[in-house]
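Those letters in the sequence shown? Residues 1128 to 1323, by this note's numbering.
It cannot be assumed that every hint is accurate.
[What the hints assert, rightly or not] Distance condition first, Cα-Cα at most 30 Å in a straight line; then the derived DSBU-like pairs of lysine-lysine:
#	residue 1	residue 2
1	K1157	K1130
2	K1141	K1299
3	K1252	K1275
4	K1191	K1299
5	K1316	K1299
6	K1167	K1259
7	K1299	K1259
8	K1259	K1316
9	K1130	K1167
10	K1157	K1247
11	K1252	K1141
12	K1259	K1191
[Said to hold, decoys possible] Simulated DEER-style distance windows between Cβ atoms:
#	residue 1	residue 2	range
13	G1228	D1178	14 to 24 Å
14	R1271	Y1171	45 to 55 Å
15	G1228	K1252	34 to 44 Å
No wet-lab data here; the hints were simulated from the structure.
Since we're looking at a predicted model, the values are computed, not measured.
C-beta atoms are modelled at their ideal positions from N, C-alpha and C, and glycine is treated no differently.
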Amino acid sequence: MNKSERTRQDIIEKTAVLFNEQGFAGTSYKDLVNATGLSKGCIYGHFESKDEIALAVFDYNIAKLTNHFGEKISGLQNSIDRLLVYPTTLRNFLTLPAWQGGCPIVNTSSEADDTHPLLKDKASKALISWQKKIEHEIVRGIERGEIKSTTDVTEMAVVIVLMIEGAVMQTKVTGRLAELNITMGFVEKLIRNIGA
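Whenever a hint applies, use it, and build me the whole structure from the sequences.
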């Protein structure tokens, strides 16, 4: 990575939490300057616009989450255990560095749904990608005899993702963990119940 690429990556990393907590509209040029310690001119020497930074930051935040879950899942063989990584890990999402500021999918989609089509599209694709990963894991489990063959793959994946995202959103809004723990416990039961 050359100096320009390192600076660009540094800008992304230093503004990642800022965009996730404050959103696109709530993040000013001054915030970007303060977070990076760079001049506005230097920042815009590496990015054409605040939009471009926000899009790169979203990709970075999603990659952090994907890698976090991927590391936890990679050492597990059984598909039920692999699926349980999501609710087990997310019981403690407020303490996870990858989730600092909340879930980037929830945060971005709630802000960008009517205001920023490019960010909305990225959030939509990230949500669909997560659902597809869960679908793939369920299919894998069915093929390996670890998950009941009668399991409706799409239905289960949709329910898991939406229950988790809804619980994360509620916890972020209320600051309470009780509902999050109830929901994650229910998702864990759902996953265990599809075991063969």
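Okay, the hints, checked on the actual structure:
Of the pairs offered as hints, the one joining K1157 and K1130 holds, with about 23 Å between alpha carbons and a cut-off of 30 Å not exceeded. The straight-line distance between the Cα atoms of K1141 and K1299 is roughly 22 Å, inside the 30 Å bound, and the hint therefore holds. Proposed proximity of K1252 and K1275 is supported: the alpha carbons are some 28 Å apart, at most 30 Å. Proximity of K1191 to K1299 is assessed by CA-CA distance (about 19 Å); at most 30 Å being required, the pair is judged to hold.
Our distance criterion of 30 Å between C-alpha atoms is met by K1316 and K1299, whose separation comes to about 23 Å. For the proposed pair K1167 and K1259, the alpha carbon gap of about 39 Å is over 30 Å, so the pair is violated. As the CA atoms of K1299 and K1259 are separated by approximately 25 Å, the hinted pair is consistent with the 30 Å bound. For the proposed pair K1259 and K1316, the alpha carbon gap of about 21 Å is at most 30 Å, so the pair holds.
Between K1130 and K1167 the CA atoms are separated by roughly 18 Å; this keeps the pair inside 30 Å, and the hint holds. This hinted pair checks out: K1157 and K1247 have alpha carbons roughly 24 Å apart, not beyond 30 Å. Of the pairs offered as hints, the one joining K1252 and K1141 holds, with about 24 Å between alpha carbons and a cut-off of 30 Å not exceeded. At roughly 18 Å between alpha-carbon atoms, K1259 and K1191 fall within 30 Å of each other, so this suggested pair holds.
Distance hint check: the CB atoms of G1228 and D1178 are about 19 Å apart, consistent with the given range 14 to 24 Å. R1271 and Y1171 have their C-beta atoms about 51 Å apart, which keeps the hinted 45 to 55 Å range intact. Checked against the hint of 34 to 44 Å, the pair G1228 and K1252 fails, with Cβ atoms roughly 20 Å apart.
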